[in-house]
Amino acid sequence: MTFAEALRPLSRSKRGSPASRFLRTYALQLGIVAVALVVWGLFLLGSPRTFLSGDIYVAFMSTTPFFAIVAIPLTLVVITGEIDLSFPSIMAFGMTGYDLVFVATGNIWLGFFTCLAFGLLAGLLNGYIVVRIGVPSLVTTIGTQFLLRGAVMIITNGQGLGMTEVQPTTLHSILVGRAFGFVPTQFFWTVGTGFLVWFFLNRHRYGAHVYLTGDNIESARLMGVDVGGTKILTFAVVGVAAAFAGFVVSAEVLFFWPTLGEGYMLNTLASVFLGGTSVFGGTGTIFGTFVASFIIGAINAGIVAAGLTGFWTSFIYGLIIVASVSIQTVLSRRLT
Amino acid sequence: MNVLEMRGISKTFGEVAALHHVNFHVGSNEIVGLLGDNGAGKSTLVKIITGYHAPDYGGEIWWQGQKLGHLSVARAHDLGIEVVYQERALADKQSLWRNIFMGRELTRGLGLLDVRRMRSETLKLMHSTMGFTSSAITPESTVKTFSGGERQGVAITRALYFKAELVILDEPTMGLSLSETKKALDFVEGIKRAGKAAIFIDHNIFHVYPVVDRIVVLDRGTVAGQFTKNELTLQELTDRLYLVARTGNLEA
Numbered sequence: 001m002t003f004a005e006a007l008r009p010l011s012r013s014k015r016g017s018p019a020s021r022f023l024r025t026y027a028l029q030l031g032i033v034a035v036a037l038v039v040w041g042l043f044l045l046g047s048p049r050t051f052l053s054g055d056i057y058v059a060f061m062s063t064t065p066f067f068a069i070v071a072i073p074l075t076l077v078v079i080t081g082e083i084d085l086s087f088p089s090i091m092a093f094g095m096t097g098y099d100l101v102f103v104a105t106g107n108i109w110l111g112f113f114t115c116l117a118f119g120l121l122a123g124l125l126n127g128y129i130v131v132r133i134g135v136p137s138l139v140t141t142i143g144t145q146f147l148l149r150g151a152v153m154i155i156t157n158g159q160g161l162g163m164t165e166v167q168p169t170t171l172h173s174i175l176v177g178r179a180f181g182f183v184p185t186q187f188f189w190t191v192g193t194g195f196l197v198w199f200f201l202n203r204h205r206y207g208a209h210v211y212l213t214g215d216n217i218e219s220a221r222l223m224g225v226d227v228g229g230t231k232i233l234t235f236a237v238v239g240v241a242a243a244f245a246g247f248v249v250s251a252e253v254l255f256f257w258p259t260l261g262e263g264y265m266l267n268t269l270a271s272v273f274l275g276g277t278s279v280f281g282g283t284g285t286i287f288g289t290f291v292a293s294f295i296i297g298a299i300n301a302g303i304v305a306a307g308l309t310g311f312w313t314s315f316i317y318g319l320i321i322v323a324s325v326s327i328q329t330v331l332s333r334r335l336t
Numbered sequence: 001m002n003v004l005e006m007r008g009i010s011k012t013f014g015e016v017a018a019l020h021h022v023n024f025h026v027g028s029n030e031i032v033g034l035l036g037d038n039g040a041g042k043s044t045l046v047k048i049i050t051g052y053h054a055p056d057y058g059g060e061i062w063w064q065g066q067k068l069g070h071l072s073v074a075r076a077h078d079l080g081i082e083v084v085y086q087e088r089a090l091a092d093k094q095s096l097w098r099n100i101f102m103g104r105e106l107t108r109g110l111g112l113l114d115v116r117r118m119r120s121e122t123l124k125l126m127h128s129t130m131g132f133t134s135s136a137i138t139p140e141s142t143v144k145t146f147s148g149g150e151r152q153g154v155a156i157t158r159a160l161y162f163k164a165e166l167v168i169l170d171e172p173t174m175g176l177s178l179s180e181t182k183k184a185l186d187f188v189e190g191i192k193r194a195g196k197a198a199i200f201i202d203h204n205i206f207h208v209y210p211v212v213d214r215i216v217v218l219d220r221g222t223v224a225g226q227f228t229k230n231e232l233t234l235q236e237l238t239d240r241l242y243l244v245a246r247t248g249n250l251e252a
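From first to last, the protein sequence lines are chains A and B. All the letters of the first sequence, read from the start, carry residue numbers 1 to 336 under the numbering used here. All the letters of the second sequence, read from the start, carry residue numbers 1 to 252 under the numbering used here.
It should be emphasised that the hints constitute simulated quantities derived from the structure, not laboratory data. Owing to the predicted nature of the structure, the values given are computational and were not obtained by experimental measurement. Ideal Cβ positions, reconstructed from N, Cα and C, are used throughout, including at glycine. A couple of the hints might just be wrong.
[What the hints assert, rightly or not] In silico EDC-like cross-links for lysine to aspartate or glutamate, where the CA-CA straight-line distance does not exceed 20 Å: (1) B:LYS144 to A:GLU218; (2) B:LYS47 to B:GLU60; (3) B:LYS47 to A:GLU252; (4) B:LYS183 to B:ASP170; (5) B:LYS93 to A:GLU218; (6) B:LYS182 to B:ASP213; (7) B:LYS163 to B:GLU121; (8) B:LYS183 to B:ASP213; (9) B:LYS183 to B:GLU150.
[As the list claims (entries may be wrong)] Only some residues are given here: those of chain B computed to face chain A with a beta carbon under 8 Å: (10) LYS93; (11) GLY109; (12) GLY111; (13) GLU140; (14) LEU178.
With the rest of the complex left out, here is chain A:
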């Protein structure tokens, strides 16, 4: 019996009892929670000493936000049926804005807001090329990924910037401080980002238009939805979030590397797709991406703690992406 056949009984009653309707409505969310519990269970069995101590969880809360803060708004882009591969470069591009302002004025707050503004600009550029010029987003953002990285290298001349001046500031303790002495504050920013994006996606007209644009762009347009404006705004949000994440990473390590962002591509995309957001657009949840981010974040540590080499991480990320996308495709065929 194939996997698809095994699922068939699920689809028999298309409109079943309230309980089965609940299961179907929240299938993806329940699925991701199940995956999280299984992965956690495996790690607990594999290396109980590591996973029964609190330190590893503090480490997750510290490093997972670096990509979760981008993965959450990136979910919006994927729901509209588009993709953004340029966010790693935007992380560095935003910090280049900080670099320029800080070197010129020494003002950290001004530098921080310039960083966000650079991210906004980069996001608007992506949106403009995709919507107004009409280049598919996959191609556009591969292009801007190189373009922005190139701009970063030219402007910084490949030189990094020490950020020790940031350490004593309020900004530092707000963004990457340690609440109660041990909880990394970037974790709260991730939760906050998740809640904010969830709110706009589910309780605001903008989010309704995000879903409609990704589901059926033609009918959304016929019904008067500004599909172009919705997409541009979505790319802009990812731009700002990527620049913000870039600042958080740099503030945590107290150094801005011009290569910042490289290495975040895979786990960010993996979080979105593992979280149940469909590559085909029109469906996806913020809750799924949030939980998936922490699964992805745990895998790296878990693999090492379980005694495997770090070489396994890439393999396992890949396995997770391929398997989750396949399962979703089969599920969406069978459950509806």
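Assemble the complex: chain A is given as a structure, and chain B must be docked to it using the hints.
Chain B alone, transformed into the frame defined by chain A:
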């Protein structure tokens, strides 16, 4: 008073005259069937009514007794001209209530969705207009699971909810099964009961005839003839349409 009146409407695309001096009107609370072969000019006429195309110079469009200067898509929407497109006007993976309020979400200011009210309005419409009595369908059901007739009902209900004065149905029965067609036709009668006017475009006179008040036959860009239903039986109409197809004339 007529809801819509069009006088001397012509439309030429380059060398091709799609419409030639067409006079057309829709009375208040009247259902008009628009029949004609492919290329007769039905869709061009509809696109002029919805503001998508402007008629050639000299054509006049009157709305509820007033002459319209320029009719844009947005203006047509504001006047209450609603087109019920086929399948493509629904977002499959979204819930029923999101489809009903697509592009016109109810908000509580600042763009905040009034989800509770949209759900309750949808529930009301399901019982009053759509005739969904099965408890298996809720405002949260995704539209993908609906039958063709149900989907057509959603599209028509949506048009009526937004105070449409004139509903244009573009081949609403195409691709529907027998029972689904019946359901779609029931919705057309619902438009009549709601006191609104409609233009019903279809190839199939057996679908059009029972629900309309008047039939207008277009042929090669001109109005070949029109009848009120009591002037003509279905059989006579059928015979004449064959005649039009062969000769371009309705009378032998």
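Hint check:
Distance check on the hinted pair: LYS144 (chain B) and GLU218 (chain A) sit about 16 Å apart at the alpha-carbon level, within 20 Å; holds. Among the hinted pairs, LYS47 (chain B) with GLU60 (chain B) is consistent with the structure: their alpha-carbon atoms are about 15 Å apart, no more than 20 Å. For a cut-off of 20 Å, the pair hint linking LYS47 (chain B) to GLU252 (chain A) is broken: about 59 Å separates their Cα positions. In summary, the hint linking LYS183 (chain B) to ASP170 (chain B) is supported, as the alpha carbons are separated by about 16 Å, within the 20 Å threshold.
Among the hinted pairs, LYS93 (chain B) with GLU218 (chain A) is consistent with the structure: their alpha-carbon atoms are about 14 Å apart, no more than 20 Å. With a C-alpha separation of about 18 Å, the suggested pairing of LYS182 (chain B) with ASP213 (chain B) holds against the 20 Å cut-off. A hinted pair counts as satisfied when its Cα atoms are at most 20 Å apart, and LYS163 (chain B) with GLU121 (chain B) qualifies at roughly 14 Å. In summary, the hint linking LYS183 (chain B) to ASP213 (chain B) is supported, as the alpha carbons are separated by about 19 Å, within the 20 Å threshold.
Annotation: proposed proximity of LYS183 (chain B) to GLU150 (chain B) holds, straight-line Cα distance about 8 Å (limit 20 Å). A distance limit of 8 Å between C-beta atoms decides the matter here; for LYS93 (chain B) the minimum to chain A is near 4 Å, and the interface restraint holds. With its C-beta approaching chain A no nearer than about 11 Å, GLY109 (chain B) sits outside the 8 Å limit, and its interface hint is violated. At a threshold of 8 Å, the smallest CB-CB gap from GLY111 (chain B) to chain A is about 4 Å, leaving the interface hint in force.
Look at GLU140 (chain B): its Cβ gets to within about 7 Å of chain A, closer than 8 Å, so that hint holds up. Of the supplied interface hints, the one on LEU178 (chain B) is violated, with its beta-carbon coming no nearer than about 21 Å to a beta-carbon of chain A, more than 8 Å.
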